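> Residue strings, one per chain:
Number of protein chains: 4
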Amino acid sequence: MSVLASRLHGIVPPLSTPLTEEFEIDTKSLERLIAFQLEAGVHGIFALGSTGEVAFLSDKQRATVLDVVVRCVAGQVPVLAGTIDMTTARIIEHARAAEQAGVNGLVVTAPFYTRVGQAEISEHFRLVHAAVELPLLAYDIPVAVHSKIEPGTLLQLVKEQVVQGVKDSSGDEANFRGLLLARESYPDFLAFTGSELLVDAALMIGASGAVPGLGNVDPAGYVRLYEAARAGDWQAARQEQERLYRLFEIIKVGLGRMAIGSSAMGAFKTALQLRGIIATNVVGRPQLRLNAAETEQIRQALHTAQLL
Amino acid sequence: MSVLASRLHGIVPPLSTPLTEEFEIDTKSLERLIAFQLEAGVHGIFALGSTGEVAFLSDKQRATVLDVVVRCVAGQVPVLAGTIDMTTARIIEHARAAEQAGVNGLVVTAPFYTRVGQAEISEHFRLVHAAVELPLLAYDIPVAVHSKIEPGTLLQLVKEQVVQGVKDSSGDEANFRGLLLARESYPDFLAFTGSELLVDAALMIGASGAVPGLGNVDPAGYVRLYEAARAGDWQAARQEQERLYRLFEIIKVGLGRMAIGSSAMGAFKTALQLRGIIATNVVGRPQLRLNAAETEQIRQALHTAQLL
Amino acid sequence: MSVLASRLHGIVPPLSTPLTEEFEIDTKSLERLIAFQLEAGVHGIFALGSTGEVAFLSDKQRATVLDVVVRCVAGQVPVLAGTIDMTTARIIEHARAAEQAGVNGLVVTAPFYTRVGQAEISEHFRLVHAAVELPLLAYDIPVAVHSKIEPGTLLQLVKEQVVQGVKDSSGDEANFRGLLLARESYPDFLAFTGSELLVDAALMIGASGAVPGLGNVDPAGYVRLYEAARAGDWQAARQEQERLYRLFEIIKVGLGRMAIGSSAMGAFKTALQLRGIIATNVVGRPQLRLNAAETEQIRQALHTAQLL
Amino acid sequence: MSVLASRLHGIVPPLSTPLTEEFEIDTKSLERLIAFQLEAGVHGIFALGSTGEVAFLSDKQRATVLDVVVRCVAGQVPVLAGTIDMTTARIIEHARAAEQAGVNGLVVTAPFYTRVGQAEISEHFRLVHAAVELPLLAYDIPVAVHSKIEPGTLLQLVKEQVVQGVKDSSGDEANFRGLLLARESYPDFLAFTGSELLVDAALMIGASGAVPGLGNVDPAGYVRLYEAARAGDWQAARQEQERLYRLFEIIKVGLGRMAIGSSAMGAFKTALQLRGIIATNVVGRPQLRLNAAETEQIRQALHTAQLL
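Residue numbers (numbering that gives the first Met the number 0), protein chains in the order written: chain A, 0 to 307; chain B, 0 to 307; chain C, 0 to 307; chain D, 0 to 307.
If you are wondering where the hints come from, they were derived from the structure by calculation, not from laboratory data. Computed from a predicted structure; not experimentally measured. Treat each hint with caution, since some may be false.
[Stated by the list, open to error] Pair by pair, the computed Cβ-Cβ distance ranges are: (1) A:Glu23 with B:Glu132: 23 to 29 Å; (2) C:Pro141 with D:Ala34: 40 to 46 Å; (3) B:Glu132 with A:Gln305: 51 to 57 Å; (4) C:Gly40 with A:Leu180: 50 to 56 Å; (5) D:Ile259 with C:Gln305: 22 to 28 Å; (6) D:Ala34 with C:Thr19: 46 to 52 Å; (7) B:Gln155 with A:Glu183: 53 to 59 Å; (8) B:Gln75 with A:Ala173: 53 to 59 Å; (9) A:Glu149 with C:Arg229: 34 to 40 Å; (10) D:Gly231 with B:Asp58: 48 to 54 Å; (11) B:Asp58 with D:Leu180: 40 to 46 Å; (12) D:Ile259 with A:Ala173: 53 to 59 Å.
Beta carbons: idealized from backbone N, C-alpha and C, even for Gly.
With the rest of the complex left out, here is chain A (with noise of 0.2 Å):
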């Protein structure tokens, strides 16, 4: 068993990313944030994912996050990085960079801008995973990247070796559990979800644990959750999803005035303001920020889950 896969499960919230007025990574927040986490108990941090606004962030800035999260964290739980870019030769400079930064992991996506195939998916985890050490999980988000990394690719990846896991961000709970289904064969397997809302689900399916971006604002919750679901005590595991459920719905305060992307990371950060953790409700450009108005109904939206 991987090192990785013995101490990989659980909820591991992929950061926000605090931005100061100027654009630059605030630092004293993203320290708040982490200490936030960990006091929750999460059981992992994964920084630099499409929560933590990395495509917004530049190498530099990107490399100040991961500086100050290997810090903050301090080895206390295992610390995962994305690597997210267009292609192979930029992914691995960015890996570089990461298991430099002293990560635990790193967390990867298919190839995009540019359209591949299958094939092409499997010659790009194989090529990162031969440049570093650190062990890999794929990031399976269509959304983002417009392809799908099929489950044969998948697994043919976890059977050489090449990716120690999943992070599931598809929204394709049957193929998922099929991944699922597959660690009779491969039981390091590591396969966690990217949904905020159907965890509980995930849990009694089999799934390692889960990556929500929610868990950002209420990683209590989300822990509350997850020991519930392994204690097998689902029906306060399906409370406590029910409440984030109706908590998720921030997300869309800003839809219409601006899109998703912006909508939801604004959601995150206003929530997190009013929370007293970070600074600023500053996103990355060219994302729109939620307004008076807007940060008026995300407040009422947490005093509803009881987090003001």
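Starting from the structure of chain A, add chains B, C and D where the hints point.
Chains B, C and D in isolation, oriented as in the chain A frame:
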């Protein structure tokens, strides 16, 4: 009228980027390729576009390409540079580097990986415009970025003089025609088609020119097509286009074994290698490389098109 | 509470439609299939759904199916009928015919072929509702009709008592959960999943029941799954579901030679033929028919699932 | 050469279907509309196409339309009939009815609602061809049926003389050109564009003619466009097309309040009503009807286009 608008028209091939066996820029081949294009009479050069495999190049490699292109073109025709990346801050870095390198204009896509709407797309172009002095062309390529720059968005940006024109790789010729009609209000607006296959039709309905990937392989053919169209000889333009249409079938040679990205990039490079312009048919990773049997098919197609 | 809401729950298989070699309804096989389902303890029958190949049947054949189903079920369980067609007027004709035939409820999709929005979808359901006495279930199946009945649309129709429930074949379990949560306001609202593969999870989060195409082949398995879930034995439910998940792989046997429609319909019918329930594995034209080698693979899968 | 191939060319409007306030066929209006088209010099009539709202008509209404059309056209130009339905058996019923009604050719889409591949599409056309004597045109309209008749599939069916031609409403002009080039091998192959907006370009690259929905409103304009193109006067053709392009904006008048289907059908019918050809702007249900303010916008557009 902007300097760009007064000079830019006609055939502007999206320059392939020759690579060595070690996946580095093959500068000697690149120099030969540029000379080959200029000798054929192309009216501009578009470096670091999708066909230039910009998505596969490191920032350092992008800089090398621009240095070679600016030096070799030496002002004979305008040089455009693609600044392809996920979001605004990263693109502004590329834009400044390209400005430093001495190009004459930038070609900028909508954001990708993240999900944006038209408001975010507008904000994006305004921010890039504010960050550099160079004129911008909007690069509408939904197949790569998975959002459309809607005509209302684009024409508003034209009105604000944020963008000077468009490279339309949408495949939506009816929409493209709507942009052409808008030149009643914005006569300097540059509108280039990214199609390889409908250049005669695009010119007939008023396009400023074309940015055909296949132009790498047969720039003289596209220049003849353009000159025939400019002379109103639509029969000659059509015949040239039909020959090039048939030649374009080479992009399918690798299909099945690989996806369309690998297959198309590989076809152009293999054809250029067979024509003696570049040294290898190496493509950026994780794309797959055309093999000997596939190369033989390309050779046959070049014979049929009277290019060998 | 409507009569339907008080009676409808549990496993409601979307009945396959056995055909003769001449592509006519095989009424003897259909009678055996209905008896097979009832003996297994299914809680309802859904005739003329997508799995019932309603799209392939003439109006006369649809009438024959409903006559046989109503006669054979004879009130033992509720009978639902699909009224699948492109737009309102045509659907109202099917709805009236089904009402005449004596079914207990209708399952109605959004319009298709034409491009509609949510306003037209709402109008559509209101018009069908006004034309018949029977309760309606909305059939949300974007893969077939290529539009989504948005939750806001659906819940407004529930509020107006235009529809009594939903059959959710969207594959979007997170959205489905939102509908389930809305039952706080609409406790009689029926919400069935169309999934074959996540029935345990759907029941755990509160679904009224399931409409699994694979239920044709193994109704007893799905009934066991449902009873285990109702008893709160999630471990047993999960095991049953995992066996059925593996069995469901039969729908891929024909893939490659044919598309998923032919392959899935053919797999269900071939399995029913092998189990001795129906006489042929003929599928509606232009679907392709599974051949001897493919039939042998189905046989193996039935053995593995302990159904032969 | 088939009889159809020798006669069919030019402008073949997809005839709108006038409705009464009670949603029945308004035969008087239909007669006037046909006379209006013939007087304008159209070269054929396509009844029961998408613009004819075939998806909204009962079988009886379809029969009424064909009876009126065949009687009024009276052999002056060829009459084509759309036989739109989900799958083969249902389409064969429509095809036989149309044959009985006396039309000259049938326009047949790929199956829809169900998921088919190219093998099933081929089988479908072969079965329809075997069932009737009339020549078939393949109707490639992915926006409605959500699958593409691939060029390889289509040309094989042409080779087998299963289909005589294509009505291309795919919006993929580059692919359409490939079909036109295939006429080197199949000179009788009829290839019509379904575009309203690129008819000059389509004719320039070799199309047999056009089937423009907007032709209902301004058949004389499209006939002039066609005659100019046939005379090689591309400048005149382009000017006519540009005027019609601007007129086509009327299809957007209802957008927002309704979807594009309602908006486009309503625009054509409202324009025909304003021009005094048909009695109402009623559209098939559940489409929404243009209101007085929207009608006023259509009136303005007709003035601008010099049609009022």
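> Do the beta carbons of C:Gly40 and A:Leu180 sit within 50 to 56 Å of each other?
violated, 26 Å
> The hint says 34 to 40 Å between A:Glu149 and C:Arg229; measuring C-beta to C-beta, is that right?
holds, 35 Å
> Confirm or reject the claim that B:Asp58 and D:Leu180 have a C-beta distance inside 40 to 46 Å.
The hint (40 to 46 Å, Cβ to Cβ) holds, given that B:Asp58 and D:Leu180 are roughly 42 Å apart.
> With 48 to 54 Å as the target window, see if D:Gly231 and B:Asp58 comply at their CB atoms.
holds, 52 Å
> Okay, D:Ala34 versus C:Thr19 on CB: inside 46 to 52 Å?
holds, 48 Å
> Would you say the C-beta atoms of B:Gln155 and A:Glu183 sit inside 53 to 59 Å of each other?
Roughly 56 Å apart at Cβ, these two residues keep to the hinted range, so it holds.
> With respect to the beta-carbon atoms only, verify the hint that C:Pro141 and D:Ala34 lie 40 to 46 Å apart.
holds, 42 Å
> For the hint 51 to 57 Å, verify it against the beta carbon of B:Glu132 and that of A:Gln305.
holds, 53 Å
> Falls inside 53 to 59 Å, the C-beta gap from B:Gln75 to A:Ala173?
Since B:Gln75 and A:Ala173 have Cβ atoms about 58 Å apart, the given range 53 to 59 Å holds.
> Can the suggested window of 23 to 29 Å be confirmed for the beta-carbon pair A:Glu23 and B:Glu132?
Given a distance of about 24 Å, which is inside 23 to 29 Å, the answer is holds.
> Using the C-beta atoms of D:Ile259 and A:Ala173, is the stated range 53 to 59 Å upheld?
violated, 32 Å
> Could you say whether the range 22 to 28 Å given as a hint is met by the Cβ separation of D:Ile259 and C:Gln305?
For D:Ile259 and C:Gln305 the Cβ distance comes to about 51 Å; the hint is violated.
Hint violations for this structure: numbers 4, 5, 12, all remaining hints satisfied.
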